[in-house]
Structures are given as structure tokens and as C-alpha cells.
Amino acid sequence: MSNNIILAAFLCGLAEFICYGGDWLLGQNMADQPIVVGPLVGLLLGDLQTGIILGAMLEATFIGAVNVGGAVSLNPSVATVLAVAYAIIGGGDTKAAVALAIPMGLLGGLLEVGTYVLFSLFQDSWTDAADKANEKKLIWLHYGVWFARSLVFFVAVFITVVIGVKPVAAFIKSLPSFVENGLGLTGGLLPAAGFAMLLSMVWEKKLAVWYFLGFILVEYVKLPLLAVGIIGLVFAVVFAFYDKDIFDLKHSKTDTNSNKSASQQEEEDFLS
Amino acid sequence: MTQESATNNKISPTDKKLLRKLYLRSLTIGAPLQYANEYGSGFEYSLLPFIDHYYKNGSEEKRQALKRHIVFYNITQYVGTFCQGLVASMEKQASQHKDYDVSSISAVKASLMGPMSGIGDTLFWGILRVIAAGVAMTFGMQGNILAPFVFLLIYNIPAQWCRWEMTKLGFSVGSEYITEMYSSGLLTIFTKAARTLGLIMLGGMTSSLVQFKTKLVFHVGGGQVINVQNILDSLLKGLVPLLITLGCYWLIAKKHINFTVVILGLIIFCILLSALGIA
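Residue numbers (the working numbering), protein chains in the order written: chain A, 1 to 272; chain B, 273 to 551.
Rather than coming from a laboratory, the hints here were simulated on the basis of the structure. Possibly wrong hints are sitting among the right ones.
With the Cβ distance kept under 7 Å, some of the chain A side facing chain B (calculated, not the full set) [unchecked claim]:
no. : residue
1   : 22
2   : 167
3   : 169
4   : 170
5   : 174
6   : 192
7   : 199
8   : 204
9   : 207
10  : 221
11  : 222
12  : 228
13  : 229
14  : 230
15  : 238
16  : 243
Yeah, the Cβ is synthetic: ideal placement off N, Cα and C, and Gly gets one too.
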């Protein structure tokens, strides 16, 4: 029995190492997304179907977990490994597994921030290696820090599964149902935070109306996202050429006619 | 486009080989991610083939070049290779002309970080990832093993192709092009187009992926029931998800509330709603 759980924990840690470490090692290929992590954990623990389905459900939950602008708050890979392990080893149902994934994702995010701070301590070694033109050391540091921080995730998942799955299963069962229901609700609203994060990067007062067009196209016209993307692309291209024409026109005018009348100035301001 | 085909011819076979190395190494740019230099280590590592080839071993110039790049750097990696290719071409020139102003290299890097990340994160993290996930999720919900493969292919074929095209483009345009890009208004126009596309997609994603329904019903006299969700739907479908998303945006962008705090707030808010029987 105890051997089994140690083997299972090792496999969970391995999946985390492959997905999280592999994502960062190979061009941020998104292998750490739930839809990839879920099936791998399912395969390793001998229940592929559960892994695939939970992975797809958690993908929707964590779609807003955007790792941009230095903001890390949720780690989808840790959440997925632990949720799938809980469903397969701990015998939890999928609803409880999804509810569990949210706090686990938060803890995983904390761990990630912790590693970023911890491995910042190597900056002196990096500077020193560059200062001495020690390329070998630069390469060692590059891959060494990757390995070390991926290993941290392996160990964290391993330990959590060894000590955690059974007590967590018992704990989740003891929770009042409104908490589980509330966490399920959170799953539906989490994407809002992620989209808000992305919105803060693209929002511009004059352009904000486009956001509502996209909303209406899906909410009322029921278009799939791919179609919305293509419509968006068409508008973006049309307006880009239009803007380019205006820009060129404006500049050819300023070149030839430097002291123009106030009315012309006004007209240009209107166009821009 | 004519720009690209005209300049492509200028890349010599040696440089092409070096660019291929830069491309492959740039795949690991985020491997040792931490807060001190973020992608700085990866930037240095990707550039090593160029520095080794163009600077004399043991020279002071080479040491300075190595020191120049082990500093903070972060651009969304699928488009950041534009900056890496550009810097490679600048380092090549710096190695050949003694009077080259090397401070311009760091200046170009710094000027590209903000705008390129804004566009890159929106296009890749925001749009491509969500489209790939959307397609793959329909497979996954049915328990189809194709889900992860579909997801990885839809995401990575455009992303890693873009990485390579940007590597070549950055190397061939030259640093004068950056000034030209700003003065010709091209960057502003491109940023505006990317924002337009991003906003439309985010609107669509808000509708399709942010979920909220209230269970609240009022029993009024005479056995009549008022279903709050129906009333909300008749005002505007998806009103609550829309307001919550805009509310989060307001907190993050205008009130500068930490992302993690917003998420914790959402969890508490939902458990509260659940406890009160609202949802």
C-alpha cells in the first residue's frame, strides 16, 4: 500500500517535471496547460479517461491564468497534477477535484514566486561569469537553474501526494457543501480575472467599443471564437490600411506646407 | 513584405547558420526564469554563437559584450527573437567598427521590451492559446485522446514559426529600421491593429468562458415566482459575467490591485454567494 502511494507520488512528480520543466525548456510550448497535463497524469496513474476529461475541465477553469507581465498567481500544472491524482488515487468525484484545483493552483503560484525569488540569488554568479568571460559557467548556470527550479516542483508535488491525497480526500468530504459549491462557482469566474489582466494591456478608450462587439458576437450571434478572431482580423487589417493612408497624407501635407491655416489643423486633428 | 524579401538576400550563409543556432537556443530563453534578470540569462545564451564568432577570444570587447547582456530582459518569446536577431546584427557591426556606439544596443533592447511584449502577450497568451484550448476542449470533454495533441499543434505551429521569422527579420532590418518604424507610424498602427483584434477576442472570450448564473428566486404572493436570472437575461444576456470582468479590469488597471488579491477576492465572493444561496 505505502509502496503504491510512493510510486504514484513519484509518477505525479515526474509528470509535473516533464510538463512544467518541459514548457520552459522548449520554447514555452504550453505543455504546462491542464489539457496536456491531465492526460499525462491519467496515463501514468492508469486512468487515462479521467485524466483527459479533468484536463479539459480544468483548462476552462485556468484559461485566465495568464503568466504575463511578471504576474504569477495560479500555477495550472500543479493544480492539474494534484486534482487528477486526487480523483484517481483518492477516489474523489470530478466536481470535488475541480474545486480542489483552485486552492492548489494558488499554492502552486506561491511556490513559483518563491522559486523566482530564490533563484534570483544567482545573479551575482551570472554577473561574475560574464565579467570573467566564462562561457562554460554561463551555460552551466543557464541549464542548472532550469533543472533546480523544475526539481523544486517535482519534490513539492511528490511530497504533497505522499502525505496529502488521503487526508485531503477526507478534508474535502468534511467541508460544508456551500464551500465546495462556492469553489465550483469560482471556476466559472476565474477567467474574468485573467481576461481583465489582458484587457489592462490592450484597453484604450477610443478602441474599447470593439470589446463589446466581440461580446455581442458570441453572446447573441453565437459565433465560435475562431470566427470572432477572423472578423477581428478583418477589422484590424482594414483599419490599419486606413490609418496608414491618413498618416501618409498628413505627413506629405506637413512636408510641403509648413504654415497651414487653423482650419486645416483642425481637420487633421479630427482625422487622427 | 518587399522589405523582407529584399533584405533576406543580405543574410550570408555563415550568418544564417548562426541565426539557426540563435533560434534553437532562444527556445530555452525562459528556462532559468527568476526575478533578477528574467530572460537575461537566456538572451546571453542565445547570443553566444554570434559573440563567439565575431569577437576575438579573450578580447576586452568580447568581455564587454558578455557583460552587456546579462541584465534584465523580457519580451514574449515568440516575438522577442526580433529583438535578439536585431541585437545580433548590432553586435556584429560593433565587433567590426571600433567607433560603434555600443550604448545604442542596450537602448534598442529597452525601447522594444514594452511595446513588443504588449503585442506578443495579447496575440499568443490571449488569443492563440484560447483558440487552441477552445478547439481541444471539445475533444477532451468527450474523453478523446487527441485533445492534448490538437492543442499543442494549433498553438506551436504558428508560435514557433513566428519565432523563426522574427529571428530573420530582426537580423536583416538593422537598427535604423526601428527609428523608421517609429517615425513612419508603422509601430503605432500595428499596435492599434493588435489592440483592436485583442479587444474583439477578449469580448468574445468573456461571453463564452466567464460563467455565472444566479439561483435566486423570489416567491411572491399567489404562488408567483420571480426568477432573477431571467430578469437579468432580459436586460442583457451575460450581464453579470461582463460586469465582473470589467470590475476586475477596473481593480487591476485603475486601482492597481494585485492580481493574486483579485483572485482571492473572487474566491471569497463566490463562497459568500454560495453560502447565501444566491448562486
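We went through each hint and held it up to the structure:
| no. | hint | in the structure |
| --- | --- | --- |
| 1 | 22 | violated (10 Å) |
| 2 | 167 | violated (21 Å) |
| 3 | 169 | violated (20 Å) |
| 4 | 170 | violated (20 Å) |
| 5 | 174 | violated (16 Å) |
| 6 | 192 | holds (4 Å) |
| 7 | 199 | holds (5 Å) |
| 8 | 204 | holds (6 Å) |
| 9 | 207 | holds (5 Å) |
| 10 | 221 | violated (10 Å) |
| 11 | 222 | violated (9 Å) |
| 12 | 228 | holds (4 Å) |
| 13 | 229 | holds (6 Å) |
| 14 | 230 | violated (10 Å) |
| 15 | 238 | violated (9 Å) |
| 16 | 243 | holds (5 Å) |
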